[in-house]
Every structure is written in C-alpha cells, then in structure tokens.
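Asker: One letter stands for each residue in the lines below.
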Amino acid sequence: MSFDFNVITDNIDYLMQGLRYSLQVTLVAMIGGVIIGTVLAMMRLSSNKIFSTLATIYINTFRSIPLVLVLLIFFLFGPKITGIPISANQSAYITFTIFEAAYYAEIMRAGIQSISRGQTFAGFAVGLNYFQTMRYIILPQAFRNVLPILLTQTVILFQDISLVYAIGATDFLGAADKLNQRDFKPIELYLFVAVVYFILCFSLSRLVKRLQNKIAIIR
Amino acid sequence: MSSYHWDWSVFTQIADDDRFYYQWLIEGLGWTCKVAVCSFFIAFILGSILGIMRTTENKILQFISNVYVEFFRNIPLIVQLFLWFHVVPEIVPENLGTYIKQDVPAWFLAIIGLSLFTSARIAEQVRSGIMTIPSGQKMAGLALGLTEWQTYLYIRIPMAYRIIMPTLTSESMNIFKNSSVTFAVGVLEVFFYGKQIIEKTAQEYEILTAVALIYIFVALCANIIMSLIEKYTRVPGFIAKGSK
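Line order of the protein sequences matches chains A and B.
Residue 33 in my numbering sits at position 33 of the first sequence; the count goes up by one each step and never skips.
Residue 343 in my numbering sits at position 124 of the second sequence; the count goes up by one each step and never skips.
Hints are computed from structural coordinates only; laboratory data are not their basis.
Incorrect hints may appear among the rest.
Quick list of the computed label-pair ranges, beta carbon to beta carbon [claimed, not checked]: (1) Q24(A) / I283(B): 33 to 41 angstroms; (2) P455(B) / P85(A): 56 to 64 angstroms; (3) F3(A) / E276(B): 37 to 45 angstroms; (4) L372(B) / Y130(A): 18 to 26 angstroms; (5) Y451(B) / F124(A): 41 to 49 angstroms.
Think of the CB as a built atom: it goes at the ideal place given N, C-alpha and C, for glycine as much as any other residue.
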C-alpha cells in the first residue's frame, strides 16, 4: 500500500470546482429554502384551512421521501414539464431549494410558535395588519430564536449535496468519483473528500455552537 | 408532457430474470427494511453506549465518545459508505482486504456504514435525554447507596429513553430514508431497483410514483409503530405531546 497524492495535486482545480459547486448549491438552497420555508410555516400556522392543509401536505410529503428519490424525480421530470433542457447540475439547485424548504418550514414554525400569541394581538391592537405584524414583530424574533437550528440544518444540507451522485452531477464527491473512474485512486481521492468535508462541517458546527451560546446570553 | 405514453401495466411486464417488475420492487422493499431495521438496532445499542459515555465524569470516555460523534456526524453518509467500500479494503492487511472485496456482501458493509452514521446521532439524543433529567434524581440514587453505575441502570437510563422517544421516532424514519443512499454501493434496495426498471422500460412516471408511494408507506408504518411505543412509554409531565 502506498499513497500517491499526485492525483489530488494534479487535479486540484477540478476538485475545487466541484467543492465550489457544492457550496453554491448550499447557499442558493439555504436562501431560497428559508424564504419558501417561512411562507410555508406562515401558511401552516394560518387559520385558513386550505392554506394550512396545502402547506402540511407539502411539508409531510417531502419529509417522508428520501432525498435521492426527489433528486431523480426532479431531474427526470423537470425538462419534460418545462420543455427546456435542464442539466443535472442545474436541476440540483431547484431540487434542493424546494426540498429543503420543507425542513426549514418546520424550523421556522417552531420559531414562530416560540413567540407568545400576545405579541400578535398587540400588533393588531396598534393597528398593524397581519403581514406588518409578521414582518416587524414576529419574524425577526422567531428568526433570531431559531438561527442556530437553521444553520445546523444548513450544515446538514451541505453534506446532503453529495447525494447528487444519484443524478450524476459534478459536486465535490462527484468530481472525486469521476477522477477515480479515470485514474483508479480510491484511497487518496475519497480520503481527501472525507477530510475536507470533516474540516468544513466541524468548524461550521463549532461556529454555530458559539453563536448559540451568544444568543442564549442575550435572551 | 403530452406525448408521454402512460402504461401502468409496466409492473406486470416480465424482466430479464423471468420475474415481474413488481417483484423487483417487492424484493427491493425487503432489502430496504432489512438494512434499515438491522442498522437501527445496531445504531441504537452503539448510540446508547456512546451517549452514556458522554455523560460520565470520566474524561477519557468523554473524549473517545466526542471524537467518535464528531467524526461520524461531520462526513456525509455517502462519503462514509464510499470509505467503507473503496478505502477500508485497501488500507487493511491484504488478506483481509481481499476477503472483504470478494466475500463480504454489499448489504453487510452498508449496514455497518449506516449504523455507525446513525449511532452518532442517537448518541447525541441519548446524551441530551440524560442531561434533561434533574440532577437531584442522580443524587437521590447516590444517597440511597446506589453506585454511580446503578443510578444509570435503574434511574437515569430508563427515564432518558422515555424522554427521547419522539426524537427516536423521527430517527427511525430517517434511517429508512437514509437506507436509500446505499444504492450507491450496490445494495439492491427499492431505489436501486426503481432506477434499474426506469433504465429498462423508460416508464419513469409510473415507476417513480410507485417508489415514492412505497417510501411514504414505509415512513407511515414506522411512524405508527413508533408512536404506539411512544404512547406507552411517555413520562407524564416530561413531554407535552409526542411530536410527529
């Protein structure tokens, strides 16, 4: 057994391109997911039966289907429904945004529910309408309360990007896998991927923990 | 979209191995359940041990358990599976490596990978379960003359399990979903077979619908079973209401 790390140094650009793609999808899916998720959470908590049922169906469906299956469904159906050719790499952006929205929605719901109802009534009492109450009173507090959980979910999301393997997109793992198929150096490539993932996710979750302690003091 | 030819009879078409395609899916469901249930069982035991280790006052045990949990939590599941399949056989002594590559079935390594991944998450839950028990209970146990380990065995662990039942429920549903990732290392579970049938028949709408329904059904079953257990084990006053 001997290690040959040339395969990594020679192809570092390709691997980093894959990592950048992973990070980009994470960022897009986080922003999109939180926005859609917040809307879904508001719908789910609304007194309108139709809205809350729709949101519940959306959230429960996506939470009970495995991500690999959702990726495949969107990858195969997307081009057919829209009529535009969508590559695996592009389809992942849409899939993760829509899929993660269901998870973010549950987190945002917990956040909104952590604010006492009295504040909503107070908002109405001073003459704000529903959206103003949400925008200026409830959501900012809810958001701050669940920020650590949102970020933890984002770290999980970043790890889950590696599942685009199912549709053959070139994320960080996909890049390593494609290099492995060409050069057959599984030890070096997969260990490298594992180490980079570990360092990134470990430091991110440490940061989240520090943030959590900070917020805990403020409250 | 309009040109798609719907044909639900695809499931009763005969595949290459003289079986019907729906039999493929049923076999896949069998593997999904086997892999998920075995992994959950192992993960539960391992996770409990590690979770308890993290709450002890022994610094070495804490350290080992912390390293373990951080390691398995911060690497994606699919990368972990690749490590078990492609890296471990190469770095162990050659005889063992050849044995793993030739004679150890894919599902066995997949169960190892999935259970170690899940055990780290269960360890976290067990730890937080034990931490939520008021320390007075432990002290009361010590005052009665129990040893530290006896307080774990008779007081804190039974309580902790009953407190973390809702999170264990969602973990049991997660493990069924996560078992779909094992397709990447060649375990013949539902998703793997679904992909195969799509490649062979090109009837993706029907097959993806069927596979999705199978997963929803499995998740529902796991949820029902676990919430029954939850109902009987709930500690009054500790959990308001079991979360779904």
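Asker: Each hint should be assessed against the structure and marked as holding or not.
Answerer: Status of the hints after comparison with the structure:
1. Taking 33 to 41 angstroms as the suggested C-beta distance range, the pair Q24(A) and I283(B) conforms, at roughly 37 angstroms.
2. Taking 56 to 64 angstroms as the suggested C-beta distance range, the pair P455(B) and P85(A) conforms, at roughly 58 angstroms.
3. For the pair F3(A) and E276(B), the supplied restraint of 37 to 45 angstroms holds, since their beta-carbon distance comes to about 40 angstroms.
4. At roughly 53 angstroms, the beta-carbon separation of L372(B) and Y130(A) lies outside the given 18 to 26 angstroms, and the hint is violated.
5. The beta-carbon spacing between Y451(B) and F124(A), approximately 42 angstroms, falls within the hinted interval of 41 to 49 angstroms.
When each numbered hint is compared with the structure, a violation occurs for hint 4 only.
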